[in-house]
Amino acid sequence: MRVVLIVLIAWLIILSFIFRNETVDIQLYDTYYIIGVHYIMLILAVLVLCIGLILRLMELKKQNDSSKKIVD
Numbered sequence: 002m003r004v005v006l007i008v009l010i011a012w013l014i015i016l017s018f019i020f021r022n023e024t025v026d027i028q029l030y031d032t033y034y035i036i037g038v039h040y041i042m043l044i045l046a047v048l049v050l051c052i053g054l055i056l057r058l059m060e061l062k063k064q065n066d067s068s069k070k071i072v073d
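Residue numbers for the sequence shown follow our numbering, beginning at 2 and rising by one.
Since the hints were derived computationally from the structure, they do not count as laboratory data.
Note that the Cβ used here is the ideal one computed from N, Cα and C, for glycine as well.
Careful: at least some of the hints might be erroneous.
Claimed, not checked - Each pair of labels, with its calculated beta carbon distance range:
no.	residue 1	residue 2	range
1	R21	N65	40 to 48 angstroms
2	E60	L29	34 to 42 angstroms
3	V38	N65	53 to 61 angstroms
4	D31	I52	28 to 36 angstroms
5	K63	I15	27 to 35 angstroms
6	Q28	L56	34 to 42 angstroms
7	K63	N22	41 to 49 angstroms
8	R21	L50	37 to 45 angstroms
Claimed, not checked - The calculated SDA-like cross-link candidates involving lysine to any residue, where the alpha carbons are at most 25 angstroms apart (straight line), are:
no.	residue 1	residue 2
9	K63	L50
10	K63	L6
11	K62	L50
12	K63	G53
13	K63	V49
14	K69	L58
15	K62	I52
16	K62	V47
17	K63	M2
18	K63	V4
19	K62	I10
20	K62	L48
21	K63	I52
22	K62	R3
23	K62	M2
24	K62	C51
25	K62	V5
26	K63	W12
27	K63	H39
28	K62	I7
All chains should be modelled from the sequences, with the hints used to inform the complete structure.
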């Protein structure tokens with residue numbers, strides 16, 4: 002799982018450099034927003050990193066809880 006997250010983060014960062022000059026036009030009601038694709042890719046990379054950290058913390062907590070049960 003850890004390798005998959007690292008590869009996904011690396012791929013998103015690489016894509017952000019490839020698409021650094023591309024933009025996305027988003028229309029909400031009467032307002033147009035122009036967002037750089039590289040920002041979207043970097044935000045996705047940060048979200049994947051946060052999800053990976055949360056999963057790792059949950060795994061460590063589960064290991065810690067199981068070691069406490071053995072001691073008790």
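Structure-based check of each hint:
1. R21 to N65: 40 to 48 angstroms: holds (42 angstroms)
2. E60 to L29: 34 to 42 angstroms: Holds - the Cβ-Cβ distance for E60 and L29, about 39 angstroms, lies within 34 to 42 angstroms.
3. V38 to N65: 53 to 61 angstroms: This hint is violated: roughly 41 angstroms between Cβ atoms.
4. D31 to I52: 28 to 36 angstroms: Between D31 and I52, where Cβ atoms are some 35 angstroms apart, the hint holds.
5. K63 to I15: 27 to 35 angstroms: holds (33 angstroms)
6. Q28 to L56: 34 to 42 angstroms: holds (36 angstroms)
7. K63 to N22: 41 to 49 angstroms: Since the Cβ atoms of K63 and N22 sit about 44 angstroms apart, the hinted range of 41 to 49 angstroms holds.
8. R21 to L50: 37 to 45 angstroms: violated (20 angstroms)
9. K63 to L50: holds (20 angstroms)
10. K63 to L6: Cα-Cα ~20 angstroms, so holds.
11. K62 to L50: holds (18 angstroms)
12. K63 to G53: It holds: about 15 angstroms lies between the C-alpha atoms, which stays within 25 angstroms.
13. K63 to V49: Answer holds: K63 to V49 is near 21 angstroms, not above 25 angstroms.
14. K69 to L58: holds (16 angstroms)
15. K62 to I52: holds (15 angstroms)
16. K62 to V47: holds (22 angstroms)
17. K63 to M2: Distance ~16 angstroms between K63 and M2 Cα, so the pair holds.
18. K63 to V4: Holds. K63 to V4 sits at ~20 angstroms (cutoff 25 angstroms).
19. K62 to I10: holds (24 angstroms)
20. K62 to L48: Given pair K62, L48 holds - Cα atoms ~21 angstroms apart, limit 25 angstroms.
21. K63 to I52: OK: K63 and I52 at ~17 angstroms, within 25 angstroms.
22. K62 to R3: holds (17 angstroms)
23. K62 to M2: Cα-Cα ~17 angstroms, so holds.
24. K62 to C51: This hinted pair holds, its Cα atoms lying about 16 angstroms apart.
25. K62 to V5: holds (21 angstroms)
26. K63 to W12: Distance of about 30 angstroms is beyond 25 angstroms: violated.
27. K63 to H39: violated (36 angstroms)
28. K62 to I7: Holds, at about 21 angstroms.
Of the hints listed earlier, those the structure fails to meet are numbers 3, 8, 26 and 27, in rising order.
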